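Protein sequence lines, in the order shown, are assigned to chains A and B.
Mapping to my numbering: the first sequence position 24 is 24, numbers consecutive.
Mapping to my numbering: the second sequence position 77 is 77, numbers consecutive.
What the hints contain is simulated information worked out from the structure, not anything from laboratory work.
Fair warning: this is a prediction, and the values are worked out from it, not measured in the lab.
Heads up, the beta-carbon is just placed ideally off N, CA and C, and yes, glycines get one too.
Do not take every clue at face value.
Stated by the list, open to error - Just a few of them, taken from the derived set where beta-carbon distance is under 7 angstroms, the chain B residues facing chain A:
| # | residue |
| --- | --- |
| 1 | 28 |
| 2 | 32 |
| 3 | 39 |
| 4 | 40 |
| 5 | 79 |
| 6 | 83 |
| 7 | 101 |
| 8 | 102 |
| 9 | 107 |
| 10 | 110 |
Stated by the list, open to error - Listed next, with one range per pair, are the computed distances between beta-carbon atoms:
| # | chain 1 | residue 1 | chain 2 | residue 2 | range |
| --- | --- | --- | --- | --- | --- |
| 11 | A | 75 | B | 110 | 37 to 47 angstroms |
| 12 | A | 65 | B | 110 | 27 to 37 angstroms |
| 13 | A | 52 | B | 11 | 39 to 49 angstroms |
| 14 | A | 73 | B | 41 | 39 to 49 angstroms |
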Amino acid sequence: NAGVTQTPKFQVLKTGQSMTLQCAQDMNHEYMSWYRQDPGMGLRLIHYSVGAGITDQGEVPNGYNVSRSTTEDFPLRLLSAAPSQTSVYFCASSYASTTEAFFGQGTRLTVV
Amino acid sequence: DQQVKQNSPSLSVQEGRISILNCDYTNSMFDYFLWYKKYPAEGPTFLISISSIKDKNEDGRFTVFLNKSAKHLSLHIVPSQPGDSAVYFCAASEPYKYIFGTGTRLKVLA
């Protein structure tokens with residue numbers, strides 16, 4: 001059972017470039033979300049989804065887009081990368097908001 | 001304004017002693033709380049949770065206490081082991097999402 005899979009694990013982007021962080025889960029979870037982790041800031045919610053076709057903004061959504069066309073996949077798009085988006089990104093999924101969330105291994109993104 | 005706060009960025013404890021990690025929250029509507037452990041270069045992993053209808057939940061060496069009137073929860077690890085050295089995040093559940101604290105780095109000294 002793979003759980004939550006994120007790709008890539010590492011990425012370096014130049015300012016202004018765009019890219020997509022991939023996230024896939026095989027647990028048939030309805031809830032999926034993206035967080036970023038920065039020193040001293042903890043895990044901050046970027047976007048979340050409560051099911052295929054339904055997404056909403058979290059605490060820090062600016063500069064990011066998401067879509068949820070299937071239950072399994074929840075990609076995060078950086079439209080025009082900025083140095084402030086240098087961070088570690090985690091995707092998570094859960095059966096419900098009152099159960100544990102399972103996290104991927106993370107993507108370390110550096111924007112130069 | 002941060003709704004879930006972990007005011008101690010770090011904690012050092014001797015092996016075999018008790019580790020107590022604290023977490024405060026501001027929203028009295030939160031009804032489910034979780035603790036996660038995170039090792040470097042890995043994703044957070046679930047440790048233990050508690051519903052607001054309880055004031056204590058135990059799982060082996062880990063116990064979480066909830067004081068709703070004080071809006072405070074704590075994680076006790078007894079006895080602490082070197083493998084417990086990690087960053088610990090508390091989280092509160094809202095509909096459809098979780099709100100995380102900033103984390104406490106625990107170092108268990110052998």
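Discussion item. Given residue 107 of chain B as an interface hint, is its Cβ closer than 7 angstroms to any Cβ of chain A?
Written reply: violated (17 angstroms)
Item to complete: Against chain A, run the beta carbon of residue 110 of chain B and see if the smallest gap drops under 7 angstroms.
Response: violated (26 angstroms)
Fill in: Range agreement (Cβ of residue 41 of chain B with Cβ of residue 73 of chain A, hint 39 to 49 angstroms)
violated (24 angstroms)
Worksheet entry | Closest C-beta approach of residue 32 of chain B to chain A relative to 7 angstroms, hint status | holds (5 angstroms)
Worksheet item: Is the interface hint for residue 79 of chain B satisfied, with its Cβ closer than 7 angstroms to some Cβ of chain A?
Response: violated (25 angstroms)
Worksheet item: Is it true that residue 52 of chain A and residue 11 of chain B lie within 39 to 49 angstroms of each other by Cβ?
Response: holds (42 angstroms)
Practice prompt. Given the hint of 27 to 37 angstroms, check if residue 65 of chain A and residue 110 of chain B actually sit that far apart at their C-beta atoms.
Written response: For residue 65 of chain A and residue 110 of chain B the Cβ distance comes to about 47 angstroms; the hint is violated.
Worksheet item: Does the nearest C-beta of chain A fall within a distance shorter than 7 angstroms of the C-beta of residue 28 of chain B?
Response: violated (17 angstroms)
Item to complete: Have a go at the residue 102 of chain B hint: is there a Cβ in chain A nearer than 7 angstroms to its own Cβ?
Response: holds (4 angstroms)
Discussion item. Given residue 101 of chain B as an interface hint, is its Cβ closer than 7 angstroms to any Cβ of chain A?
Written reply: holds (6 angstroms)
Worksheet item: Is the hint on residue 83 of chain B kept, meaning its closest Cβ partner in chain A is under 7 angstroms away?
Response: violated (19 angstroms)
Worksheet entry | Status of the residue 39 of chain B interface restraint (C-beta, 7 angstroms, chain A) | violated (11 angstroms)
Hints 1, 3, 4, 5, 6, 9, 10, 12 and 14 from the list above are not met by this structure, while the remaining hints are.
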